[in-house]
Amino acid sequence: MAQQTPVRPLGAAGAMIDEDWEALRFRVHRSAYRDPEVFRTEVDRIWNHTWLYLGHETEIPKAGDFKTRTLGGRPLIFCRDADGQVRAFFNACTHRGTVLCRHSEGNTKFFQCFYHAWAFSNSGELAALPGDDAYPDDPAFRASMALRQVPRLQIHEGFVFVAFDPDVPDLLTHLGPAAHYMSLTAKIGEHGMTTLPGVQLYSVKGNWKLAVENAMDGYHFAPTHNTFVGYLRETGFAVTDDDQYAYDLGGGHGLLVLTGHNGRIGMVWEPRFGDEEKARTVTKRRELEARLGPELAAEVADASRILFVFPNLLLFDLEALTIRQLEPVAADRTDVRAWQFVEVGEPESVRALRIKTMVSFVGPGGLATPDDIEAYEAVQRGITATADAVDPAHDWSDMSRGMANEKQGNQGRSIDEGAMRSFWRRWAEVVGAGTSVAGDPPAGTPAAGPTSGGAGR
Amino acid sequence: MSTTVGSPRGVVKVESREVTRAEVEDFLYREAQLLDEWRLDEWLTLIEPGGRLEVPTTDWAGWDATTAGYFVADDYELIQARVKRLKSRKAHAENPHSRTHRMISNVLLLEAGAETVWISANFLIHRYRDGGAYTYVGRYEHVLKVDPDGLRFRLRRAVPVMESMDPGARLSFIL
Numbered sequence: 354m355a356q357q358t359p360v361r362p363l364g365a366a367g368a369m370i371d372e373d374w375e376a377l378r379f380r381v382h383r384s385a386y387r388d389p390e391v392f393r394t395e396v397d398r399i400w401n402h403t404w405l406y407l408g409h410e411t412e413i414p415k416a417g418d419f420k421t422r423t424l425g426g427r428p429l430i431f432c433r434d435a436d437g438q439v440r441a442f443f444n445a446c447t448h449r450g451t452v453l454c455r456h457s458e459g460n461t462k463f464f465q466c467f468y469h470a471w472a473f474s475n476s477g478e479l480a481a482l483p484g485d486d487a488y489p490d491d492p493a494f495r496a497s498m499a500l501r502q503v504p505r506l507q508i509h510e511g512f513v514f515v516a517f518d519p520d521v522p523d524l525l526t527h528l529g530p531a532a533h534y535m536s537l538t539a540k541i542g543e544h545g546m547t548t549l550p551g552v553q554l555y556s557v558k559g560n561w562k563l564a565v566e567n568a569m570d571g572y573h574f575a576p577t578h579n580t581f582v583g584y585l586r587e588t589g590f591a592v593t594d595d596d597q598y599a600y601d602l603g604g605g606h607g608l609l610v611l612t613g614h615n616g617r618i619g620m621v622w623e624p625r626f627g628d629e630e631k632a633r634t635v636t637k638r639r640e641l642e643a644r645l646g647p648e649l650a651a652e653v654a655d656a657s658r659i660l661f662v663f664p665n666l667l668l669f670d671l672e673a674l675t676i677r678q679l680e681p682v683a684a685d686r687t688d689v690r691a692w693q694f695v696e697v698g699e700p701e702s703v704r705a706l707r708i709k710t711m712v713s714f715v716g717p718g719g720l721a722t723p724d725d726i727e728a729y730e731a732v733q734r735g736i737t738a739t740a741d742a743v744d745p746a747h748d749w750s751d752m753s754r755g756m757a758n759e760k761q762g763n764q765g766r767s768i769d770e771g772a773m774r775s776f777w778r779r780w781a782e783v784v785g786a787g788t789s790v791a792g793d794p795p796a797g798t799p800a801a802g803p804t805s806g807g808a809g810r
Numbered sequence: 044m045s046t047t048v049g050s051p052r053g054v055v056k057v058e059s060r061e062v063t064r065a066e067v068e069d070f071l072y073r074e075a076q077l078l079d080e081w082r083l084d085e086w087l088t089l090i091e092p093g094g095r096l097e098v099p100t101t102d103w104a105g106w107d108a109t110t111a112g113y114f115v116a117d118d119y120e121l122i123q124a125r126v127k128r129l130k131s132r133k134a135h136a137e138n139p140h141s142r143t144h145r146m147i148s149n150v151l152l153l154e155a156g157a158e159t160v161w162i163s164a165n166f167l168i169h170r171y172r173d174g175g176a177y178t179y180v181g182r183y184e185h186v187l188k189v190d191p192d193g194l195r196f197r198l199r200r201a202v203p204v205m206e207s208m209d210p211g212a213r214l215s216f217i218l
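Each protein sequence line maps, in turn, to chains C and S.
In case it helps, my numbering puts the first sequence at residues 354 to 810.
In case it helps, my numbering puts the second sequence at residues 44 to 218.
These are computed hints drawn from the structure, not numbers from a lab.
Just so it is clear, the structure is predicted and the values come from calculations on it, not from any experiment.
Output of the computed footprint for chain C on chain S, the stretches with three or more beta carbons under 8 angstroms from beta carbons of chain C:
(1) 96-108
(2) 124-138
(3) 206-216
Listed next, with one range per pair, are the computed distances between beta-carbon atoms:
(4) C/E701 x S/V204: 26 to 32 angstroms
(5) S/H144 x C/N763: 52 to 58 angstroms
(6) C/E701 x S/E206: 28 to 34 angstroms
Facing chain C, from chain S, some residues (calculated, C-beta under 7 angstroms):
(7) G112
(8) Y113
(9) F114
(10) A116
(11) L121
Note that CB positions come from ideal geometry on N, CA and C, so glycine has one too.
Given only the sequences and the hints, what does the whole structure look like? Please build it.
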């Protein structure tokens, strides 16, 4: 049989990203969301070789606490050992590979495989080897059968990251300026922050990059969330898209700074929060200023933020805080896990307000997220229409909004598509997808986030 | 509020008024019909002003909505906002509406309060949309206000028993 050259109607030299600074055009080839081959490349080049968000330390507060979780398709045990150290193991018995821990969470000193009863301590040593007289009488054998640890684990402000590649740069190098914005969320509570139980676990029929785009896309807010915007207006809060900006934090990380999006529990009052919360907002601001100084307090409190940490973490620092983690399952399917991230020791009434307010917006049962999911599931269905189209030019998605502004060197607006473009540039670099660039890109590197005093106020 | 397994009561007394399992079943079946037919304004009248609508997450271990994340934690204002939203053409996740088909069974009267009765029931909801079929399985844990002429929800809580919301299986309709 004659060897066939795969036909993929891509741009110049097979590029998946087509960037043209003369025509002010930025396009992404739709096979990027569709093609199982692209998906496999992503799991290999991104998930196997980049820092990934695993979970937050407060999910496993006590020695012996554990959660099981899948990251990049690999089952993991996320636990705190008897000495209090945070660890991540591959969730597979070193003997024959059985999933070792089949519970989603709990507390244990030992993980025991049910198949042949091998047992491992929560720091990974092989603790029991039934019938060990039939094995070499050699401590090195036991040592070689210790539970397999994830090659790298580092923690920033309680956010635990792992890497399956021992040679990744340090976590803080990977995070770059994104580390600062994670720190801002960690500083909100006088007594720290914690994740809550009640994890929103759901799955969407869409490519993981559509979830990233959606979070970095202020353009969709008004039309997609028309009913939510209407609800806010009725409760006495006018939403505005003006004077809100997007930042390329480098490394694929992105940030939207949103001032007119909504109020913030304890920081920016709006009528639906009620009078008790109005008084607390004043007290809370004094507390923030005393603890952090007026400038940092203003940065923490005055604007909502949506932070994307490449490739799988989203921090929605909005009315309240949600941590969202993306797990790619297939080209057209993504598992999502979302935690409420709250101030330690806040009064019950505030906690209740926070949960009510956040889940009224965020999550598969909120008044807004279902429309986001509808949008990107609809994209996933829609983009099959132009696959292998007669005119290959039809099989591209356009993300050129705001390029003229970008070319002039202006700070990108949240209602433009600049944050998506910077994500795609980094994506192409990491997965080795071709990028065709025509014309002259704007000179100079983009600002690494808002400067002190806060752009966009 | 402990479940009296083994002695489910077919009738409880709330003050001097008797509430029977048949009355509760009729109430739940009627509600299911209103929801399946998307008669949301009529459905809203089944909720007591000040009532709550809750859907805990799939890892739920009895936490209330002041101590844990939820899928839905609506006070009465939010329930009204939800109904208004779902009636709008701009509720994109439900335009067009999902087709739903609810089966309710295993109705138990658990405990009577001063003016309420606490009941539980199982639900099985099939939902169809965009060529997809989704199944939602769980139980209701409702607190019903007993009025002289009928029942209304003081707390309407749907507890999913799935391990996670399946792909495409969001909670954009009333569970």
